[in-house]
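Chemist: In our numbering, the protein residues as written are 4 to 619.
You may find that some hints are simply not true.
[Stated by the list, open to error] Dumping the calculated BS3-like pairs for lysine-lysine here, alpha-carbon to alpha-carbon at most 30 Å:
| id | residue 1 | residue 2 |
| --- | --- | --- |
| 1 | K496 | K531 |
| 2 | K589 | K259 |
| 3 | K165 | K589 |
| 4 | K191 | K300 |
| 5 | K472 | K589 |
| 6 | K236 | K128 |
Derived from the structure by calculation, the hints contain no laboratory data. Keep in mind the model is a prediction, meaning the values are calculated, not measured.
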Amino acid sequence: MPHKDDYRVLFERASDLLAVLDDRGRLRLTNPSFQRAVEMTPEALHRQTLFDLVVPEDRIRVREAMRALCQSGGSARLETRLRGAGVEVAVEGSITCGAPDRSSDSVFHCIFRDIRDRSRVERMKSDFVSTVSHELRTPLTSLHAALTMLQMGALDGRDDEKRTLLEISVHNTERLIELINDLLDIAKIEAGKLSIEPQLVALDRTIDSAVGELALLAQSRGTEIVFGHRETKPMVHADRSRLLQVLRNLLSNAIKFGGTDAPIEVDISSRDDRYRVEVRDRGPGISAVFRPRLFEKFAQDKDESTLGGVGTGLGLSICRALIEAMGGTIDQHNRDGGGSTFFFELPRREIPSIIRDSRAYPIAPPRFLVIESDPDIAHLIKLYLRDASVAVDIAFSGEQARQLLARGLYDGLTMALRFADEEPGQFIEDLRRSPRGAELPLIIIAERGQIELQRAALEPFGIFDWLDKPIDEPRLRQAVAVALGRSGIGDAKRILVVEGDAELAQLIQIALRDGAEVEIAGSLDDAKSRGYHGPWAALVIDLDIDDAPGDEILAFLAIDHVPIVVISAEEIAADVRDRAAASFVKTRQSMGDLVDAVGQLLSLGADAQPAVESAP
4 MPHKDDYRVL FERASDLLAV LDDRGRLRLT NPSFQRAVEM TPEALHRQTL
54 FDLVVPEDRI RVREAMRALC QSGGSARLET RLRGAGVEVA VEGSITCGAP
104 DRSSDSVFHC IFRDIRDRSR VERMKSDFVS TVSHELRTPL TSLHAALTML
154 QMGALDGRDD EKRTLLEISV HNTERLIELI NDLLDIAKIE AGKLSIEPQL
204 VALDRTIDSA VGELALLAQS RGTEIVFGHR ETKPMVHADR SRLLQVLRNL
254 LSNAIKFGGT DAPIEVDISS RDDRYRVEVR DRGPGISAVF RPRLFEKFAQ
304 DKDESTLGGV GTGLGLSICR ALIEAMGGTI DQHNRDGGGS TFFFELPRRE
354 IPSIIRDSRA YPIAPPRFLV IESDPDIAHL IKLYLRDASV AVDIAFSGEQ
404 ARQLLARGLY DGLTMALRFA DEEPGQFIED LRRSPRGAEL PLIIIAERGQ
454 IELQRAALEP FGIFDWLDKP IDEPRLRQAV AVALGRSGIG DAKRILVVEG
504 DAELAQLIQI ALRDGAEVEI AGSLDDAKSR GYHGPWAALV IDLDIDDAPG
554 DEILAFLAID HVPIVVISAE EIAADVRDRA AASFVKTRQS MGDLVDAVGQ
604 LLSLGADAQP AVESAP
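Work out the full structure, taking the sequences as your base and the hints as a guide.
Modeler: Listed below in structure tokens is the structure:
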């Protein structure tokens with residue numbers, strides 16, 4: 004039989020809140036969990052009744068329940084709130100009535116459970132559902148109204164008003180996509196499946212991109228974004244698209260809540276082995292009460308004078324997960340005199356000397372040498388040419404380029420017009436005098452002003468093409484394709500689209516019809532019946548098709564010399580991306596991105612093969 008001491012151990016160590024009351028409701032015995040929850044000592048509790056602790060609005064209900072138990076016995080379920088020493092605790096549990104020893108006096112046993120966390124989560128979920136419903140309903144209402152008016156022909160002949168409705172539709176569609184992306188990101192974070200693809204990134208140029216994207220929004224709100232002091236070539240190892248996502252979120256928050264009295268300031272500083280990026284505003288700052296929950300999921304400050312109260316409360320939580328996944332930290336502090344500073348830090352990386360392309364190809368691909376002093380632009384060019392099966396080596400100076408040209412065979416070069424170690428004119432002159440460089444196609448990539456200054460002097464050296472910065476990806480791919488003697492996209496080519504959603508399939512068909520003959524297969528069986536083996540110039544395959552998993556589709560349609568573009572509503576696994584010529588995530592990329600990807604494959608022809616690039 005259990006000993007009396009065993010029961011005392013269970014009582015003392017129980018996580019539930021346990022108490023014994025006398026017939027007047029006085030607390031005669033409480034366990035440590037009860038005492039910790041209400042933050043009171045046993046001596047203080049024993050001078051109290053349960054009714055003293057219960058919130059005033061529940062006292063009559065609790066008293067009546069205990070009176071009924073005295074008459075009928077048994078137990079009663081109870082949910083209430085207890086107020087202790089400066090704390091309020093939401094509890095649920097039961098009260099049981101019995102008689103101690105052989106006395107006729109009633110005694111009550113209370114077993115409560117602290118449900119503060121559950122109640123908070125439930126309130127957060129309720130607020131979140133309400134917020135998301137609002138965030139969905141508002142753009143959907145505008146979108147539906149605009150499209151209905153266009154469909155009814157109410158604005159026939161009024162092109163300006165039609166254009167306004169289309170702009171409204173696009174804007175609200177982007178709002179919906181942003182919300183869906185946030186929800187998908189949160190789901191991935193919770194499942195431990197957040198997708199991060201780190202590469203060498205120039206921090207200042209990435210900030211430039213984010214500032215440029217949001218400059219008009221800032222202007223429309225009566226402020227501006229000022230990018231201040233910059234370190235010389237601040238390089239980090241990060242996922243550029245995810246880093247842009249963080250910067251967009253911090254900057255858009257500063258625009259919404261930062262006021263118009265002063266510009267939004269962005270700055271980079273160096274701290275030991277890390278770079279620190281700060282986004283500063285002169286808004287009301289973050290309330291002291293809300294600040295500990297600032298980066299929590301669904302967290303919103305109901306005081307609308309501070310950050311929060313608008314949106315889903317997911318953005319900063321996603322930012323923290325992304326920065327931490329890239330090896331960094333993120334935080335916030337209020338500024339003296341008013342305002343807020345959000346900042347994150349990422350580990351520094353050194354600029355490499357020479358980067359050689361180490362991908363494995365089934366057949367030796369054409370190889371280009373990219374000469375560019377800015378590592379971020381060099382990697383961008385390499386990325387643009389990767390899916391075109393063009394191997395790329397990178398040189399960051401004229402001397403490095405000479406070393407590579409002396410020991411390697413290239414099919415062409417792209418070159419900037421600004422080196423750290425020599426004049427580009429002298430380099431090109433020496434290139435044309437060398438046996439290996441005399442006939443190489445040379446594509447100049449530079450700012451328009453530099454091109455205008457240098458064009459007349461460099462034309463005699465046989466420049467194949469001139470491209471402006473910022474780089475236009477289709478224009479670059481087309482220039483390289485022509486330099487390599489590949490055919491253009493003049494002739495109509497056949498594309499098979501394997502897509503189970505009839506409306507999406509129709510949209511893809513409309514988007515691609517100017518450059519190709521598009522046929523739709525609604526299922527894998529349909530693709531077989533249409534002669535899936537070709538001849539096709541390209542295949543567009545939805546990995547979410549109903550009658551077969553994505554891997555089975557890719558294995559079944561792994562046809563030599565036919566490039567495959569895969570599309571999916573979810574992030575596409577790395578091994579699947581590697582087997583495809585291009586990939587497209589519905590929630591993150593526009594139909595224009597899909598058209599560009601297919602157009603580039605048609606432009607470069609059947610030589611476009613999937614390739615795997617090793618990290619530099």
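Chemist: Holds or violated: K589 with K259, Cα cutoff 30 Å?
Modeler: Within the cut-off at roughly 28 Å; holds.
Chemist: Need the status of pair K496, K531: alpha-carbon distance at most 30 Å?
Modeler: Answer holds: K496 to K531 is near 19 Å, not above 30 Å.
Chemist: Are the Cα positions of K236 and K128 separated by 30 Å at most?
Modeler: violated (44 Å)
Chemist: Keeping to a limit of 30 Å between CA atoms, is the pair of K472 and K589 held or broken?
Modeler: With Cα atoms ~28 Å apart, K472 and K589 stay inside 30 Å; holds.
Chemist: Quickly compare the C-alpha distance for K165 and K589 to 30 Å and report which way the hint goes.
Modeler: Given that 30 Å is the threshold and the Cα spacing comes to 26 Å, the pair holds.
Chemist: Within 30 Å, alpha carbon to alpha carbon, are K191 and K300?
Modeler: Within the cut-off at roughly 13 Å; holds.
The structure does not agree with numbered hint 6 stated previously, though it agrees with all others.
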